[in-house]
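For reference, the chains in residue letters:
Number of protein chains: 2
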Amino acid sequence: MQLRLSSGNVLNEKVHKVGIIALGSFLENHGAVLPIDTDIKIASYIALKASILTGAKFLGVVIPSTEYEYVKHGIHNKPEEVYSYMRFLINEGKKIGVEKFLIVNCHGGNILVESFLKDLEYEFDIKVEMINITFTHASTEEVSVGYIIGIAKADEETLKEHNNFEKYPEVGMVGLKEARENNKAIDKEAKVVKRFGVKLDKKLGEKILNNAIEKVVEKIKEMIR
Amino acid sequence: MQLRLSSGNVLNEKVHKVGIIALGSFLENHGAVLPIDTDIKIASYIALKASILTGAKFLGVVIPSTEYEYVKHGIHNKPEEVYSYMRFLINEGKKIGVEKFLIVNCHGGNILVESFLKDLEYEFDIKVEMINITFTHASTEEVSVGYIIGIAKADEETLKEHNNFEKYPEVGMVGLKEARENNKAIDKEAKVVKRFGVKLDKKLGEKILNNAIEKVVEKIKEMIR
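Read top to bottom, the protein sequences are chains A and B.
Residue 168 in the working numbering sits at position 168 of the first sequence, with consecutive numbering throughout.
One gets the working numbering by counting positions in the second sequence from 1 and adding 1000 to each.
In case anyone wonders, no lab produced these hints; they're calculated from the structure.
Wrong hints could be hidden among the right ones.
Unchecked claim - Here are the computed distance ranges between Cβ atoms for each label pair:
hint : chain 1 : residue 1 : chain 2 : residue 2 : range
1    : A       : 211       : B       : 1123      : 43 to 49 Å
2    : B       : 1069      : A       : 87        : 31 to 37 Å
3    : B       : 1202      : A       : 13        : 26 to 32 Å
4    : A       : 150       : B       : 1070      : 40 to 46 Å
5    : A       : 155       : B       : 1069      : 51 to 57 Å
6    : A       : 69        : B       : 1014      : 28 to 34 Å
7    : A       : 69        : B       : 1080      : 37 to 43 Å
8    : B       : 1069      : A       : 199       : 34 to 40 Å
9    : B       : 1114      : A       : 177       : 47 to 53 Å
10   : B       : 1002      : A       : 87        : 29 to 35 Å
11   : B       : 1123      : A       : 202       : 44 to 50 Å
12   : A       : 178       : B       : 1114      : 47 to 53 Å
13   : B       : 1070      : A       : 94        : 40 to 46 Å
Cβ coordinates follow ideal geometry from the N, Cα and C atoms, glycine included.
Sequences are here, hints too, so could you generate the full structure?
See below:
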């Protein structure tokens, strides 16, 4: 069966060898404004949009996610479980002709699996790259991107509630003491959020989202050069 | 870890028990205007959008697809392979609290797996439903929906090319002799396409897409009543 690789809105015939996978987290508190599956919803949105714009294959999502021990704001898995799920998707993706895999990751803790990517490349004789699109947790950037995608409940009252760091310590990780003690970058971000609070900035959300999609599209173009 | 189930744009706390899965096909000719992964791209778009609008979990896509023996316009798998992939996704979905699975299917041939849904329900003690959103193959409806989503190359010249049923027998299945002989419904549709041709109707595409998303959203609401 000869497939029509140049049909439709596709960059070129080679793009059919590229598979995009969304990675985030499903069970993670994000204050009042954002849902617990914020990270995977943002990752899925960006991954699918970039696939539509280029013709690359959208292979779905990785369900498990992982996190640093000292960050306690959700339910996560061991890095090995994320790795094992990736193995499954790559194995299935190879069956439909994918040779280059691009993982769009929108949850900071998943950076812990980057060390596995070389093993995947070696085992399956493929190319795997990961793009990390992450934000200060549940803060102005993520709230604004979430709003543009449609997952945020960002009325004035809920936003006010969201800024109650006592009640929602995960927001900006302001109230995650152990995380702040163990990670300087987290502590620095928390200080900024505590001082300036979390706002909804629709223009910012749009800009960040478009830049993120553009970044993935550029990476896909690079992968088929 | 207490998860904030009512946070964000979610119908209610129960919606977190609903998982949406996209099912289509990745390797199937769709004339000149549409790409070979049209069905899974449309299914993914509808499934993700409905998940965003309701708060249901988007669990990704099923990579294998199946087809009737007599329809030869792509590369497909046995129904059992689709079933086995669904088993994997359901097993993983249960781990994050999903109890009700909704499969958004945009490839007619996958109706062959409907007989497996009861087995899945029995094996995993869960609820599985499938919504079929299918069109006359690569014809006006699908071209128009594909255009709205962004996967179509629908300039005048390509559309003209698309209507060359000699060169693209799969369009409307006009030139798929075996399929038309074996299936009256396919034959009937092929006659209509042969007579009226394939056009781009942006308004129609928008209307069909919105209705499809609405249909999935209503089914999700029903599943959490």
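Going down the list of hints, with the structure as the test:
1. 211(A) <-> 1123(B): 43 to 49 Å: Hint holds: Cβ distance 44 Å, inside 43 to 49 Å.
2. 1069(B) <-> 87(A): 31 to 37 Å: At 32 Å between Cβs, range holds.
3. 1202(B) <-> 13(A): 26 to 32 Å: For residue 13(A) against residue 1202(B), whose Cβ atoms are near 27 Å apart, the range 26 to 32 Å holds.
4. 150(A) <-> 1070(B): 40 to 46 Å: Between residue 150(A) and residue 1070(B), where Cβ atoms are some 42 Å apart, the hint holds.
5. 155(A) <-> 1069(B): 51 to 57 Å: holds (54 Å)
6. 69(A) <-> 1014(B): 28 to 34 Å: Given a distance of about 31 Å, which is inside 28 to 34 Å, the answer is holds.
7. 69(A) <-> 1080(B): 37 to 43 Å: holds (41 Å)
8. 1069(B) <-> 199(A): 34 to 40 Å: Since residue 1069(B) and residue 199(A) have Cβ atoms about 58 Å apart, the given range 34 to 40 Å is violated.
9. 1114(B) <-> 177(A): 47 to 53 Å: holds (52 Å)
10. 1002(B) <-> 87(A): 29 to 35 Å: Hint holds: Cβ distance 32 Å, inside 29 to 35 Å.
11. 1123(B) <-> 202(A): 44 to 50 Å: holds (46 Å)
12. 178(A) <-> 1114(B): 47 to 53 Å: holds (49 Å)
13. 1070(B) <-> 94(A): 40 to 46 Å: violated (29 Å)
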